[in-house]
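Turn these sequences into a full structure, and let the hints guide you.
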Amino acid sequence: MSSKVTLIALTILAFGSASALAGGTKSVVSPAKNPVYSKNPVSAPLCYDAGFEFGIFAAGFLPQGGGSGEHWDEYGNEGYKEAIGGGISLGYFFNENLGLDFGAAVYGTSSEVQNYTLDVVYRLPNQDACYAPYAFVGGGSHANGSNEGILRAGVGIDYKISDASSLFTDGAYNWVGGDVEEYITVRAGLRFNF
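Heads up: take any position in the sequence shown, counting from 1, add 1339, and you land on my numbering.
No lab work stands behind these hints: they were computed from the structure. Ideal Cβ placement from N, Cα and C applies to all residues, glycine included. Among the hints, a few may not be true.
[What the hints assert, rightly or not] Simulated restraints on C-beta separations:
| no. | residue 1 | residue 2 | range |
| --- | --- | --- | --- |
| 1 | 1506 | 1403 | 42 to 50 Å |
| 2 | 1388 | 1486 | 33 to 41 Å |
| 3 | 1512 | 1437 | 19 to 27 Å |
| 4 | 1503 | 1397 | 15 to 23 Å |
| 5 | 1447 | 1389 | 30 to 38 Å |
| 6 | 1508 | 1533 | 17 to 25 Å |
| 7 | 1434 | 1520 | 20 to 28 Å |
| 8 | 1487 | 1388 | 35 to 43 Å |
| 9 | 1518 | 1393 | 33 to 41 Å |
| 10 | 1506 | 1388 | 15 to 23 Å |
| 11 | 1390 | 1447 | 30 to 38 Å |
Below is the structure:
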């Protein structure tokens, strides 16, 4: 007799579960006759917004004296040769467009050159395709045995590869104080936003 009760209980439980899965049971809470929809639907997060960015990059150093090392200044010092280098950057954006970027780079020219720069960056992001062309102007220090001031301007593009990282490349023309020849720097690297 107990097996019959168990079989009946299991049958009732199975039919009850099947009808619940099929939507055969009524809800205790009745739906509203006129549902209210939000006027401001939740939108997707922006690809580019305010916040901090940390970058690492490889870089190229292209002196405007020809890059042969045969350029001599008025003191008889050999000019810079084309070289590669790298560095890091730390930026902060106040909104999706305007920000600041501090960079530190080292280049292995005929003698080591170090750059420390602070740039004002203005970007124009395409939030749908997640890329942002940008322009920047700034200044800083050119160190190579002695320090000279730098004024610089450049353009670049940043492309998001995830919510928290992007690939970037840019180039800048650098006007250097003293008798140091002008040069172009190009960078390509990875940024992490947080």
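Each hint tested on the structure:
Judged by the Cβ atoms, the range 42 to 50 Å given for residue 1506 and residue 1403 is violated: they are separated by roughly 28 Å. Range check, residue 1388 to residue 1486: about 36 Å between beta-carbon atoms, so the 33 to 41 Å window is met. Between residue 1512 and residue 1437, the C-beta spacing of about 22 Å keeps the proposed range 19 to 27 Å intact. Our hint of 15 to 23 Å for residue 1503 and residue 1397 holds, since their Cβ atoms are close to 21 Å apart.
Checked against the hint of 30 to 38 Å, the C-beta distance between residue 1447 and residue 1389 comes to roughly 36 Å, which is consistent with it. At roughly 21 Å, the beta-carbon separation of residue 1508 and residue 1533 lies within the given 17 to 25 Å, and the hint holds. At roughly 37 Å, the beta-carbon separation of residue 1434 and residue 1520 lies outside the given 20 to 28 Å, and the hint is violated. Against the hinted window of 35 to 43 Å, the Cβ-Cβ separation of residue 1487 and residue 1388 comes to about 36 Å, which satisfies the hint.
At about 35 Å, the CB distance of residue 1518 to residue 1393 agrees with the hint of 33 to 41 Å. The given range of 15 to 23 Å is respected by residue 1506 and residue 1388, whose C-beta atoms sit roughly 18 Å from each other. The supplied range of 30 to 38 Å is met by residue 1390 and residue 1447, whose beta-carbon atoms lie about 33 Å from each other.
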